[in-house]
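Asks: Residues per chain, in single letters:
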Amino acid sequence: MTAVASSNRASRARIFLRHETILAAMLVVALFGLGLFNDRFLTIDNLLNQGRLMTEIGLIALPMTFVIVTGGIDVSVGAIVGLCAIVLGYSWKNLGFPLPLAIVFTLVVGAAAGLANGLVITRIKVPPIITTIATLTLFRGLAEGISQAHSVRGYPDWFYFLGQGDVFGVPTQLLVLFLAIIVFGVALDRTTFGRTLYAIGSNETAARFSALPVERVKLAAYTLSGLMASLSALVLVSRVTTTRSDMGMGYELDAIAAVVLGGTSIFGGSGTIWGTVIGAVMIQLLKNGLALTGVKGDATIMVIGVVLIASVLIASSLQRRRV
Amino acid sequence: MSTIALSGASSARAPFWRRLSSQEMLLAVAIVGLALVVGLVNPRFLSANNLADILLGNAYIAVAAIGMSMVIITGNIDISVGALIGVLATVSGSLAVAGAPIAVTWLAPLVFGMLVMGLQGAIVAYVGIPAIVVTLGMLSILRGGLISVTGGKWITDLPDAFHLADIEIFGFIPMPVAIMVVATILAAVWMRWWPLGRAIYATGGNPEAARLSGVSPRRTLVLVFVLHGFFAGVAALLFATQLRVIQSTTPSGLEFTIITASVVGGVSILGGVGTVVGSTLAAILIAEITSALVFINISPFWTHALQGALILATVIADIERRRRRLAGAIR
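In order, the protein sequence lines correspond to chains A and B.
Those letters in the first sequence? Residues 1 to 323, by our numbering.
Those letters in the second sequence? Residues 1001 to 1331, by our numbering.
Think of the hints as simulated: they come from the structure by calculation, not from any bench.
Looking from chain A toward chain B, a few residues come up when the C-beta cut is under 10 Å (computed):
1. L253
2. I301
3. M302
Keep in mind the model is a prediction, meaning the values are calculated, not measured.
Beta carbons: idealized from backbone N, C-alpha and C, even for Gly.
With these hints in hand, go ahead and build the complete structure from the sequences.
Replies: Printed below as a string of structure tokens:
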């Protein structure tokens, strides 16, 4: 009987101690805290604008959650953003593709880049971190080589709808992000594919012996990562109206920070899309809130580093106590 | 006794032809071969000036790759080192401009580097957080901190005595090259024959086996990170003193260039295997390739693409070779 009582209490405590719950509470506190400090912070305009800025990282962080849940990592996504931005500009301006075709081509290149990562990881069994470090250099190098440091500007007006327009007052890309969140959230939580991701992350050998398509699912996760990075590149180019080879630099860090902050274990096997979304919102609001209180942009990178390490330290000490 | 057990594995004399095909030998042949081929296309590549420039401009990468190799051999990775080198160079330069004694300006980056890396090593070893996450966080902290403190300004008006890289030993060997060679040899000898050095391989090869044979994997890991911080400090010093100014940013992707040097140099990413002689040779080869591109009229904007392709090819070859060896051993 006491066992039942204590397990009951434990499960109640677990809901409170769940990473997402703690994070959501912190988010609410941070929102009001920052709102008290600065009256420009808690305005609809500012929050919508922050959503606009958050989308590029958010789109990458979603598939990154999948990848990290399998126990992998993908640090090449920022470079894929750069490569895709260049591919868009180059194929439109230099190769003379019509812009819609160039957009499709960009998405294909992004998916192909992710697929290449996946193939090296699943077929040749090179550890994900090393594979994507190598392809990070390769993709960024291709972007630099193709562009030869020339930027592309002057896209037609309709293209800017994605990055600067709005639908009933909501930024276009934020709607895209909402849609992606729902698709990724349902896929991870409610489909065989999603459950397979968890199975691979918690015990790959067991997953393989259970006849789960381990390689194919991992391949899909990395391909999605590349595809979403190219979508992020489209949003980014449309927002800033220009194409440069250094675009998306460091995005991988923000995306990974959002995922880890959102409670996904870096060892794989656990994590949720909702956590990642809260993590991404948290990072964006921290950046914005700090910027509004007069902290310069570069110092906010520093805060993200501290928050990342601190959250992992706290999470690991909480887990240890639970065991 | 454990020393014998640890060094026994690789001390068996390999036949001459086998040693020829070792990674170090391959790299040495590639360095000479590439120099000759590019020299045929454009003789100016082989001028003493250019060859010296290649070594001088990249000695700091080779030095940093020594520590990185040790870290990778233990089965970990560090992506904060590029940002750390930038911070240490700025610390050293600021001290010099503020009028601190030269010895202090030279020692400060070493000590500070050891502290930062030691802290990261301790978190990795004792809290059990993967090195990739810890160093990712530290990368943000260091990079953000550096730019927000310096505001992107370059440090100028450095005192003449500060320029360590200007010293020439015996009047003709430039200091950076001497440091690169001596550090590589010392580290190689230490890792090859000292018990503590062997412990690095033992920790990376099989931490549990290492523990059972009396090596503390955790303490070894912290030691390796501290040493890595020391070499990062030396690298920062070479970086800071090679020009008359210190830029507030290091070359983008510096950490990846350093990792590339280690991996192309034959350090296995799965841990337990590799030498610092290999990583130093690889650093020279990469620098040579970058310089060669200019001399055969290929746009330098392709450098990173080539570097990426090179590291990918090396890693794939490394994994395939191991698999074949493993398959052979089982058969």
